[in-house]
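Chains as they are written, first to last, in our numbering: chain A, 76 to 525; chain B, 76 to 525; chain C, 76 to 525; chain D, 76 to 525.
Hints were generated in silico from the structure; no laboratory data involved. Idealized CB from N, CA, C, for every residue including glycine. Mixed in with the good hints, there may be bad ones.
Unchecked claim - In the DSSO-like style, the derived pairs of lysine-lysine whose C-alpha atoms are separated by at most 30 angstroms in a straight line are:
hint	chain 1	residue 1	chain 2	residue 2
1	A	Lys522	A	Lys303
2	D	Lys522	C	Lys80
3	A	Lys242	A	Lys80
4	A	Lys242	A	Lys522
5	D	Lys80	D	Lys242
6	B	Lys522	A	Lys80
To be verified - Residues of chain D clear of chain B, computed beta-carbon distances all greater than 12 angstroms:
hint	residue
7	Glu98
8	Val261
9	Ser378
Protein chains: 4
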Amino acid sequence: MFVEKVRTEGLAHLSWVVGDGTEAAVIDPRRDVDVYQRIAQEHGCRITHVFETHRNEDLVSGAPLLAARTGATVHHGPNPAEPIAYAETVREGHRFTFGGLTLRVLETPGHTDDSISLALYDPAFAPDTAFGVFTGDALFVGDVGRTDFYPDRAEEVAGLLFDSLDKLLALGDQAVLYPAHGAGSVCGSGMADREVSTLGFERRHNARLLLETRDDFVAAKLAEHHEKPPYFAHMERLNTVGAEPVRDTPPAPLSAAAFSEQADARIVDVREVPAFLGAHLAGSLSLPVGMIAAWAGWLLEPSETLVLVASDGEEAAAAATVLARIGFDRVAGYLAPGLPAWAAGGRAFETIPAVDTETVRARLRGAAEGWTLLDVRGVEEVEAGRIEGSGHQFLGELPACVGDLDQGRHYTVLCGSGARATVAASLLRRAGVERVDVYLGSMGAWKAAG
Amino acid sequence: MFVEKVRTEGLAHLSWVVGDGTEAAVIDPRRDVDVYQRIAQEHGCRITHVFETHRNEDLVSGAPLLAARTGATVHHGPNPAEPIAYAETVREGHRFTFGGLTLRVLETPGHTDDSISLALYDPAFAPDTAFGVFTGDALFVGDVGRTDFYPDRAEEVAGLLFDSLDKLLALGDQAVLYPAHGAGSVCGSGMADREVSTLGFERRHNARLLLETRDDFVAAKLAEHHEKPPYFAHMERLNTVGAEPVRDTPPAPLSAAAFSEQADARIVDVREVPAFLGAHLAGSLSLPVGMIAAWAGWLLEPSETLVLVASDGEEAAAAATVLARIGFDRVAGYLAPGLPAWAAGGRAFETIPAVDTETVRARLRGAAEGWTLLDVRGVEEVEAGRIEGSGHQFLGELPACVGDLDQGRHYTVLCGSGARATVAASLLRRAGVERVDVYLGSMGAWKAAG
Amino acid sequence: MFVEKVRTEGLAHLSWVVGDGTEAAVIDPRRDVDVYQRIAQEHGCRITHVFETHRNEDLVSGAPLLAARTGATVHHGPNPAEPIAYAETVREGHRFTFGGLTLRVLETPGHTDDSISLALYDPAFAPDTAFGVFTGDALFVGDVGRTDFYPDRAEEVAGLLFDSLDKLLALGDQAVLYPAHGAGSVCGSGMADREVSTLGFERRHNARLLLETRDDFVAAKLAEHHEKPPYFAHMERLNTVGAEPVRDTPPAPLSAAAFSEQADARIVDVREVPAFLGAHLAGSLSLPVGMIAAWAGWLLEPSETLVLVASDGEEAAAAATVLARIGFDRVAGYLAPGLPAWAAGGRAFETIPAVDTETVRARLRGAAEGWTLLDVRGVEEVEAGRIEGSGHQFLGELPACVGDLDQGRHYTVLCGSGARATVAASLLRRAGVERVDVYLGSMGAWKAAG
Amino acid sequence: MFVEKVRTEGLAHLSWVVGDGTEAAVIDPRRDVDVYQRIAQEHGCRITHVFETHRNEDLVSGAPLLAARTGATVHHGPNPAEPIAYAETVREGHRFTFGGLTLRVLETPGHTDDSISLALYDPAFAPDTAFGVFTGDALFVGDVGRTDFYPDRAEEVAGLLFDSLDKLLALGDQAVLYPAHGAGSVCGSGMADREVSTLGFERRHNARLLLETRDDFVAAKLAEHHEKPPYFAHMERLNTVGAEPVRDTPPAPLSAAAFSEQADARIVDVREVPAFLGAHLAGSLSLPVGMIAAWAGWLLEPSETLVLVASDGEEAAAAATVLARIGFDRVAGYLAPGLPAWAAGGRAFETIPAVDTETVRARLRGAAEGWTLLDVRGVEEVEAGRIEGSGHQFLGELPACVGDLDQGRHYTVLCGSGARATVAASLLRRAGVERVDVYLGSMGAWKAAG
């Protein structure tokens, strides 16, 4: 018997392979499904069942693809917003056996109406005591699922989640927790960076589970603020009908000439932040590989053709994989020569200066004319503390309003560390703002400076 | 934060890497330590601490090697049989912090006097509630440690283990269990093939923990029967002073001529059982890769030079790795041409027939003259059911008594499936017994036939 | 600039990736094309051209698949037996440039009418001197292509090949040779086991090129004897229209019960020869992984559903890959438990004894009644030396005549080493012959014994 | 039979594994020798011989390490500057046989006195015709070895090389060329970026071989200009006695705090050029991974302790591997958080602006006061064309004279593309020059702009 976790960075998405003997099940597979087949193969198993704990809104489900490849059946909870074309509906109490293991379905709505959890049993040993439970987006390590997807039914669904959590805790303190997300996910903000827990540990230390009454719980959930990127709607559509397989060819290297021919494509620079600041192509969007999962869904359209600027083919391939996981398939290639070689061909480049705390402070003191200190963090972060004199515009919503900015002003952009600020700065430059720099270190440096 | 398991097949040994931020600790590393460094590297960590839950008797510890490579310190419990040259002694209540995690020492003697457990805390979240515990050979999934290593103090140490388990359970139902062995180990016979559990699950379902009184527990432990292979003494010596690193060169392929020059070396055939039966070299010991960990310590001497017969270089390398883990370092190479090519060079080979239930039954019915049906399973297995008319000699002790067998008799060897029987048959043939065959299917087939 | 060789074992097929800058071409890709994309990616290249030196008859071409994945164009010589649906026709003198390299087409018919060679130039350095040449099946290291595919035009096509070789040699002694096959291929019998040569070396030492006149060359070619397995026709059909992609899922492990349910499937045992002799399933065909490429096309039908007996999942996957390369796609899974576990479930197995020279000699001397020594080697091998008293039946044609054998006779099968003999023995057993054994060592051992 | 090339990037060093049957030889192994063992293992060979074509001056030889691991013997030519402690001396005409292959020694002095070449024969096929030759640093694809290592005997050794090349060409046009370097090496400046050639191709197209008389050849060689980095002397010492094995632990990740504790270590920033420009640590040396092999030997001391700034652990490990290949072993770790996180901790960073052709041209036109355009390319490059008004100081010699620069001046640094200029700029900043920028695109952009 084995349980193996597959962590998808960026999305902090967790999927699981659980198997015994020659059979295995997969819970919440992502779109690039090779990894599940490899794990099953290593354990001498074939995949017989695929479960979705709910219709994922933050990534493309690999369930239909994995089923097509392996002959497994896909199982999904009741009451999805739209029928899931590729799945069979399961209900409370349904049991599935593979190898010597049993998974039992618990309907646990709240995050979504179709949310289920799956309790894991070793019948030969203890047929009635779950030794683990796959909780999807109902219960995480240190947090619970967000309940803001049905604005008209906000109280109702928060209450449903309270009941679902009660049902989960009734499985007993001994059950190991296997959730669908870890720290860093947009599906919950208070998750612990631990990824190991049990119902017993959560019962005692998860702040949301410590709220004793249903009313307190509902009130706390209603007070939360979550952002919902526009690509969620695209994911939901795809995960109703089933996405196409990821194409099996990594992005092609393009010479400078071939790259320049892609005049209509959007240029996405996936190199690390300082590399973008140091030199980049005019009009390119800064979006380092590690930030794609969180931000591409805000800043890019699935229908756009993209060309990448990457440090090497491996980085370009990693970027394309992450893009595909959230439904962005149109990557036409990447720039093969580095920026020095690009520039040595007589081609134009741009730079964005990084400035430090001393510089920002001096400008603030000087109340510099025509200068704006622009904070691009989320609402909750800004409410928790901001620099006096700064303006605010959430990065995710910048594309919609960047055209309204005064192109003649001088902007210094800040966030938590300078990473999101660089992304924002690239949007400002593209929108025609001439004078943009990035406060590297940002709020972190500001606080450290006292 | 991460906890990663490293499973060593054959020994069913589990070691663990636990890390956070840029620092990690390793619990009970095996001798080939690359895997721990790779895991740490993947998580962006350096290894700062190595812990041994006790002086391992069934495999060579990699703790001193890993410490030498990484600069980590090695920590070992109090009261080892002999001082551990490479380790610092830790005691009840000592705490070690790396990244944002804390490990707290619990002295948990019983299996050995120097046994410790290590409770795992996430201080920022819950400084007093362990979310996991590394239990070494004190507590397993479905079993507890064996307590037969101090025959003169049998009752005492069984009692010590009872107390240690009490101390462990006091950590709470919520703690995830990280033991040093899984199913298939010689360090406990009742382990579940699950490798996922919590103190809560064990408290409810582990047969040994369900014994309510200390006396009942001690009585149950005293009634157990365990085999202790002779190489344990060798391991204990090595793990006091620290073993040499594993050599970094896989076994060399040898042409038939070069192989034949190794006249003084012991020939070990690591191919699968049917391949050995089909054709093998005269005098060779059958010991398939997957059986090496369990049986080499009974059947080979660490001082012997070995040459392997393997299906290919990869299998030979795997065999050499397993041999090194239990202290057998002298592998001079492997036979590169397969048996057909060996035979096509005009070189001699032998075969051992596989016989089935029908044949064995007919011989038993006929009370064949000069024929013995020889059962080589362990005492506990034989006591649980045997074929009437069969003799018994435990495989592990066969080397000591094989010379006493009547070389003129015809032996059919059996075990659970035919695997150990083939190993035994190879020993009989080497000892000069002319007529040997193997009951393929053995007790499994016998029972299936009713 | 790089030239990388991809060797496909079993078929001894050589394909090539040649690239420069950010562009690469592939010559004669096999069906599992990932390897070409990986090589191109490692060199920072995208694949822009795919060339077929002729319509392959011995393996499935990957050209259309690779083109579909990468957007490359496929180029094929003129005069194919049937139009190649997925390729553009190239002619003498056509030039293709990618990166800084040029490939020039030479029409080199003889092996087939559509055979071309491709001379390789580095124009910046020496625009008129080829530094290498891809020769397909026209010229090999130590041999030339077979010319027996047009029986009605035997003399004509042998003469065409003579002229083609003249054209090749005119490129100069300095050109490195990049052929489509190495030693062990069915596409030529005299190839050197070297895979490194130049036109200069071949001109001096290739026995066929040392024949001075066209007439001598034609005569020599007409005197050759080649076998043509029945699957060649299937390959030729596939390589006209383009094969489907290989399925991306390795064979599934099957429990003994699940395996037994596949009652209509053909059982193919891909383990090594001695393992089959030691124990195997009734009715199974012995076909070790390394022999599949050479023999599956003689002994299996592409339309048959196959289930494998393999040592492990990795071996089963390797077998499925080789089967797919020659058009056998229907692998339903493999038996996961080994033969001992299979037998321990009370299931039947069979064995085939291996016998040695002494035994064979004794039987020959005794002129054993009802016994036949059956040689299954090829005609050319038998003509070069055989054991007096043996019968002969070429393994490839055994399926067609095995039904005519006397099921009551006792057969000892031999070949060069015992490998093909084991395959033949499995066919005899399946056809109902009760008493079959294999002369392990076979002609090799016979000669060594003098 | 196989010949496999191992290319060491940066040094453009080529080493070779040639094998047959179960035996293989390695020519000119580098210090990290795992790759040779892996290749031998894949081909079912053990390494029986190691050859050095001469005492390498540009990298650490792995010959003694490989011999210690495998039991192979090491063979070196006669007349080394100092005795090679770990090798046996071979002489003209010595033959070595492994598998079915033979290597014959040719003494080919000129590059060094101890240079040998090794002709490769397939005796069964053509005992007197070499099908390949390992030429070390005597003959390359498109160039010949440099002959500037004995300044007092410059004419003599150039003449010796002429004679050696004659000896090589006498092997015949058909021989494949296996040299010790490819394009990009400091051991010869005119090498083709092809890495495939034959003696026949070189005879016709290698400019140095087209010089007909010994005198013309010697004159041409004396007119060459080569740089000799100071670390060559260190390599020569190491390669006389044999270096220690590379340590088997990759650089440890260091938190910002742990990194800051390494106050005495030299900070080497191995990220790509634009990343350094965008943000870097004060006092750090810019040395991207791909430039280490060429420049570390000029700019660093083997005795210095280094700490790295890298994009991730993989890049840090790659950097440490390259450093070890040229004898720099003291890497104490790498900075784990990226520059944004470093800055967010309130820690200082610096930037260097990249400027373009327009800016440089404007400054030149304005004859800016206190401003210097500094060219850091090699002498031969500068002689082939420079920007009027620029100063020159070769990057390799900058450490020795950077202290003499006027710290108050404003420097714009240029090279071919901006890469070496960034390295130089980091040296200037470290030496206290306040105002430094880099002409990104440099001479390439300048020429493209006309």
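query: Can you list which hints this structure breaks, lowest number first?
result: 2, 4, 6 and 7
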